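Here are the chains, one letter per residue:
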Amino acid sequence: MIEIDNVHKSFGELEVIKGVSLQVNKGEVVSIIGGSGSGKSTLLMCINGLESIKSGSIRVDGTEVHARGTDINKLRQRIGIVFQQWNAFPHLTVLENVMLAPRTVLGKSKAEAEALAVKQLTHVGLGDKLKVFPGKLSGGQQQRMAIARALAMSPDYMLFDEATSALDPQLVGEVLDTMRMLAEDGMTMILVTHEIRFARDVSDRVAFFRNGLVHEIGTPDQVIGHPQRPETADFLRSIN
Amino acid sequence: MFDYNFHWRAAFKALPDMLDGAWVTFETAALSMILGVTIALFLVFMRQGKNRLFRGFAATWISIARNTPSLFQVYILYFGLGSFGLHISSWAALLAGITINNAGYLAENFRGGLKAVPDTQLRAARSLGMSAPQAYRLIVIPQLLRIVFYPLTNQMVWAVLMTSMGVIVGLNNDLTGVTQDYNVKTFRTFEFFAIAAVLYYLIAKLIVAVARLLSWRLFRY
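Residue numbers (my numbering), protein chains in the order written: chain A, 1 to 240; chain B, 241 to 461.
Bound-form chain A, shown alone (with noise of 0.2 angstroms):
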């Protein structure tokens, strides 16, 4: 379970997160939509501690992420992310790219995570791409070879990070494709997305970020059917 209570988040000035909680249970898909600049993704590097907050806490089952005694490594094992810039390591293969972490980290034998590899990038459809380079794939294939190096790790949570806004839209539907997969696997996600129709297919909630602070919340067809609140609505008007 994820737990994020009361957080607050600046860079410099400017204050992003004004005070946010929120609680995804195990199992649960959440999404997070909103204008850019709601705080929404830097909510998700939070979440694993690639950024620091300024008060207020988030545990990942029962761990406080932002606590001095926690194991930040340890601690991103359990929890895989996607980003909006898929982040391939340009001078490993695909293959390599997937091995590499659970070599390094998990410490793998060599033939262990090259299996694991296998099966995941076979899982999202690269199983012939394995001694390729990332600069040789499109766009949509390296963002899922991001997400089969996420998994990988056998992560409990999956954080994405508006994993196809930097797609092209003929692109977009590979990506989607593979994280309904995930979805319906039972993985535990939190998807900060602009796809607000997949949102609305897989999510169990929905929460509407506005100004650094959860706007609404509920379920997709509350949200997304049936927003509550006129800004909600004015966003979902906005963007289709």
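If you are wondering where the hints come from, they were derived from the structure by calculation, not from laboratory data. Only a predicted model underlies this, so the values are computations on that prediction, with no experimental measurement involved. Some clues are possibly wrong.
To be verified - In silico DSSO-like pairs for lysine-lysine, Cα to Cα no more than 30 angstroms straight-line:
1) K54(A) to K355(B)
2) K355(B) to K290(B)
3) K110(A) to K136(A)
4) K136(A) to K355(B)
5) K74(A) to K108(A)
6) K108(A) to K136(A)
7) K108(A) to K26(A)
8) K290(B) to K54(A)
9) K119(A) to K129(A)
10) K290(B) to K74(A)
11) K253(B) to K425(B)
12) K74(A) to K355(B)
13) K355(B) to K131(A)
14) K129(A) to K54(A)
Stated by the list, open to error - Here are the simulated distance ranges between beta carbons:
15) D204(A) to D359(B): 30 to 38 angstroms
16) S138(A) to P373(B): 28 to 36 angstroms
17) S154(A) to A332(B): 52 to 60 angstroms
C-beta: ideal position from N, C-alpha, C; glycine also.
Fit chain B to the given chain A structure using the hints.
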């Protein structure tokens, strides 16, 4: 009126000695590069660190190394330190001078290279649970190496050419030193220095060629 008679035979007889000198030249340059790269890495991290003393030290080193003639750097190390009673050999003065120069220039190259590796690469590595040293070693440094590879090659060539300054502090067993010895003994200035120039040229070209081969092996992407 042009009345100089070329005497190449005498010069060619000196070739074995000059080749020995060329080897000393190469060794000195290679050593100065190994030391230079190591120090440059320290300088880069010092300069980005929080300690003001280290930051100032690194900035001063880089600034002096890049903005004063390398000839003076060698000169001051040999005669300057000598006048304080600190006597070092000609070779040590030359090596130290070139190393200081290499470290200064390479530190700048490395800094630029580090900037060229996106922060998001480090982020992605850390998000997979890698420690900061792991992320640098496995993700950042390999990409940095590729970016600085050609500047590194240039600096190596430059280091080879800079060794010729050893002669001003009395070094006599490197390529220029050996050549100069023959020159004073025979006054066949043109012949000896022409051959030496060809040898320098060949060493430089060899370094570039080896670097190119190496880059094909190293950088598969």
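Going down the list of hints, with the structure as the test:
1. At roughly 28 angstroms between alpha-carbon atoms, K54(A) and K355(B) fall within 30 angstroms of each other, so this suggested pair holds.
2. A threshold of 30 angstroms between alpha carbons decides the hint, and for K355(B) with K290(B) the separation of about 18 angstroms falls inside it, so the pair holds.
3. For the given pair, K110(A) sits about 25 angstroms from K136(A) by alpha-carbon distance, which is consistent with the 30 angstroms threshold.
4. Straight-line distance between C-alpha atoms of K136(A) and K355(B) comes to about 24 angstroms, which keeps the hinted pair within the 30 angstroms bound.
5. Under the criterion of a C-alpha separation no larger than 30 angstroms, the hint pairing K74(A) with K108(A) is consistent with the structure, at around 15 angstroms.
6. At roughly 28 angstroms between alpha-carbon atoms, K108(A) and K136(A) fall within 30 angstroms of each other, so this suggested pair holds.
7. For the suggested pair K108(A) and K26(A), the alpha carbons sit about 26 angstroms apart, so the restraint of at most 30 angstroms is met.
8. For the given pair, K290(B) sits about 22 angstroms from K54(A) by alpha-carbon distance, which is consistent with the 30 angstroms threshold.
9. Proposed proximity of K119(A) and K129(A) is supported: the alpha carbons are some 13 angstroms apart, at most 30 angstroms.
10. Taking the CA atoms of K290(B) and K74(A), the gap is near 27 angstroms; set against the 30 angstroms cutoff, the hint holds.
11. Of the supplied pair hints, the one linking K253(B) and K425(B) holds, its CA atoms being roughly 14 angstroms apart against a limit of 30 angstroms.
12. The straight-line distance between the Cα atoms of K74(A) and K355(B) is roughly 28 angstroms, inside the 30 angstroms bound, and the hint therefore holds.
13. Between K355(B) and K131(A) the CA atoms are separated by roughly 28 angstroms; this keeps the pair inside 30 angstroms, and the hint holds.
14. For the given pair, K129(A) sits about 43 angstroms from K54(A) by alpha-carbon distance, which is inconsistent with the 30 angstroms threshold.
15. Here the CB-CB span from D204(A) to D359(B) is close to 33 angstroms, well matched to the stated 30 to 38 angstroms.
16. Range check, S138(A) to P373(B): about 33 angstroms between beta-carbon atoms, so the 28 to 36 angstroms window is met.
17. Under the hint 52 to 60 angstroms, the C-beta atoms of S154(A) and A332(B), about 56 angstroms apart, fit the expected range.
Comparing the model with each earlier hint shows a violation of hint 14 alone; every other hint is respected.
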